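Take the sequences, apply the hints, and build the full model.
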Amino acid sequence: MAQNRNLQTIAAIATPAGSGGLAVIRISGSEAAAVLSRIFLPMAEKLPQADPRRMLLGKIIEPQTKKLIDEGLAVFFAAPASFTTEDVAELHCHGGAFVAAAVLKAALAAGAVLAKPGEFTLRAFLGGRLDLVQAEAIRDIIEAKSLQALAVSQNQLAGHLSEQINLLEDELLQLLAEIAAGVDFPEDIDLLSNEQIDQRLALVNNSINELLKDAEMGRLLKEGVSCALLGAVNVGKSSLLNALLQEERVIVTASPGTTRDIVEEGFLLSGIKVVLADTAGLRVAKEEAEQIGIEKSRKKAAEAELLLLVFDATRPLGEQDKELLSLAQGKKALIIINKCDFADNEELAGQIKQPAPQIPIMFVSAKTGRGLSELKAKMTEIILGGVYNAEPKINNLRHQEALLAASFYISQAQETLQQNLPADLAAVDILSARNALGEISGRTASADIIEKIFATFCLGK
Amino acid sequence: MSFKLAENEYIAETYQVIVVGGGHAGCEAAAAAARLGVNTLLLTLNPESIALLPCNPSIGGAAKSVLVREIDAMGGIMARLADETQIQIRMLNTGKGPAVQALRAQIDKPYYSRRMHHLLESTPNLSIRAGEGARLIIENNKVCGVATAVGAVFACDAVILTCGTYLNGLIHIGGFSQRSGPSGYPAAPLMGDYLRSLGLEMGRFKTGTPARVDKNTIDFDKTEVQPGSKEFLAFSYLTKEETFRARPSVPCYLSYTNEQTHQIIRDNLHRSPLYSGRIEGIGPRYCPSLEDKVVRFADRTAHQLFLEPEGLNSREIYVQGMSSSLPEEVQAAFMHTIPGLERVKIIRPAYAIEYDCLQPTQLKATLEHKEIKGFFSAGQLNGTSGYEEAAAQGLLAGINAAASLLDKEQLTFTRADSYIGVMVDDLVTKGVSEPYRLFTSLAEYRLLLRQDNADTRLTEIADSYGLIDEERRRAYYEKKEAIEKESRRLRDFRLNSSALQALGIDAKSGLTLAELLRRPEANYEQVLQHYPPDSQLSSQVKESIEITLKYEGYIQKQLKQVERFKNLEKKKLPADLDYLNIKGLSNESAQKLARFKPDNIGQASRITGVSPADINVLLIYIEQHRRMFPVKQGDKQ
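Residue numbers (my numbering), protein chains in the order written: chain U, 1 to 461; chain D, 1001 to 1637.
Worth flagging that the hints you see were computed from the coordinates, not collected in a lab.
Everything hinted at is true.
In silico DSS-like pairs for lysine-lysine, Cα to Cα no more than 27 Å straight-line:
(1) 1583/D with 116/U
(2) 273/U with 331/U
(3) 116/U with 1571/D
(4) 1557/D with 1570/D
(5) 1542/D with 1557/D
(6) 1373/D with 1430/D
It should be emphasised that the depicted structure is a prediction, and the values quoted were computed from it without experimental measurement.
Spelled out as structure tokens, the structure:
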């Protein structure tokens, strides 16, 4: 099957960069066994390729000089029972960038070529081991930013999304068939009424909308949420950041204007990665560098999905504070009155509330930790904004776009039906909706899909 | 002539194109080739059976009527002849959308046949000869002649086989069976055996036809009348209203089976050769025999049947919906249970017929055989059913056979330009597993493939091949100009607020007539009454304008879908692609692709058994290939 294919044997470090206890080097292709035998000397008599799927202890050596690189484990998977459906060898060596790189180098010297990003997954896809959704899920698992995001990708890998999409696609196909049957057999078949078709389309659209709600959640899980801490100088933004991160990350001093650059840190909030950007405090800048910092803060405010507007409970409302509220227009935002070490400053809250009555106000002390857990709960609520679903199925932008397109076409078809136009006209949009769904599962062949695969997996040249 | 003759064979005459078979495919093929100026012979078992309609006495219906219009748009015969010989015509599917309306005409069968014979006899460059085509003469994978059963050899450069259901024809009526062609004409066993001896992939199909009964023994009072249209309707773009008015309009009648009918069928099922297993051929699912209907739709208490005249001067009535292979005695018994048919006398019993056909995946989209140059086939031999399907293929094969001798480019169609394109693509890409009939549902882009615009789609192409005469050319360009002029007027004419008020329309002033027409509540006749154009518009022009303007939004959407479709058709697959060595293709797909050698990705995607996953693999493969070996400037793609 996989043999006789005119493809090179590829190798790459399969574990993430950086130091860890263990690193895995993966080799895939018809030459995998040969490469392995040149760089791995087993302790026992048996070679790993003679005993597939069993881990064997041995020495990893440099193929030309036979110099020892590391002691480690090797395992061999014979085609097609491997991830890529080709012969695959894995070498488990000690962690650390240096050792892993040396083992990879040895594999390359022994006849393998360096794998391109995503090439193992691509080979698995080409080997028929994965469908498109699954291949994308693998990429997402590698890039997953939280446990929940991982769960979404694992869900897709198991084929749950494809199954659900296929069901919707089948229903649309069934409708198309029934509409066409009425046309082809005008004397034998009772036509579906426009209302009947409309109702069935509505059901499909409901399911798509559920998936889309999921998609928003999935996107949040996968990509995280960007959050900007904004406020006048010295209101305690950096202390707040540290309190949220629960460890010191940025320098905090009493001299105003210390944080001139933007510091970004991430933390997990109910499984969602929140990227917090600590910005330079807003004030009239005394020097040019600081001015640049303040401009950056404004830009960051425009880009962030959630703004945390920080006020100082110990000071009256100043000009900068008022400007702050104007930045929050049309965005998700939270007002934080910091330095409420012992009591809430209701008076200040009242003053802030006047120009911005819709933004929730939280009383917090970064120093004592007072109000922090309430703040986190409120942030979660605002970020999720009604999209919360513990087990979303979709986290991929391509899928989301296809679902949006399908939903759009279905509403167009419904509009046609509701205007009492012939159902055959609605069929035009139903067909487009079906094709859009098919692009997710790969049941619609489309040159565009391949363009996207090439963009993602970085192939060719 | 350098080819070897068998014993008793002699060289009779020499032609450029020979058409074997005088049915609907053969007639259009012979006429098209002759029209293109090549010396053509039509070889037929019996010139009296030219353009026989051995089954239903009608032409048209859903999807098929568009095909008839397409034949007409390219200068074919069927549409004009149907208009001249029809005895009832009506429009089906009114109110179901502009793309699916369909004309159907009841035809005076003997008259149609006679008129076609006469028309072919008066066609220049065309000879007609009686004889059974027995074998082809093929040298170096190229056709160079046809030998008849009596030993006459006709030399030629191209041959079009259109043998219909005659090849090894075998009819069944209950326990009785007999080698025969349709309607009691003799079968043609030699050519069928010859094709098998070439090693071609053949199939065996079955079809059936209901009984013909005596008009004078039907009690029509117990049936429902189905009259034809009183309004002018015609298949051909050239048919004048006078022709329509000069034709009689004879009604059809509708009646129903009942429980008693079904009981008789159930009691005698074991006597049907279909159920006893004596018929091996595969029949069409969409055209079930009455016994099939009773078995498969057991919960239905009645099936409708139509009583259709076979001709103006004929006492024979065709009982549509009651095809059967049960014994004659049983046929008579169940007929007599039907209201109106209690005393009916059978003139010809229903029968089933088995016949040999070619698997059409062996053909190119030109209808020429992939391996044998100059060998074309068309019609039921290619696994289709229906007069219209046959005629359209015949026309295409006739054009291409002649074009190949005249050094003209071969003509092919796509799924986006015509129903002919849909049909041929289905045949050559998917092949047939039952007799193929064209359906509206097979056309993905049917909103573009309407019967009102077949000429817009095809007449200019036909003109470039020299297929159309001066009369049609003039009529076509006049219509085209009238449509453009009137469309311009409707798009430019703006209504002010008082005009809108007068019409009772709630819209901003400045609404154009075209925009008004797009509203669901508006109709073109009203617009014309209030704002008439300078000159009278023909009904064809009005129909085209109303549909294209009223459904413009939908047509645009469909055009976008066609764009996507073309993207895949544009991705060419090299003929020497080594499918067996492309990693990731399933074994089944790789083998099919290697055998089929599709021209492009789009066609590959329609091959049965090639999954979208395989198509993704192919797309990735050619994209990778393209990136690795970029086409240099000046190189031909």
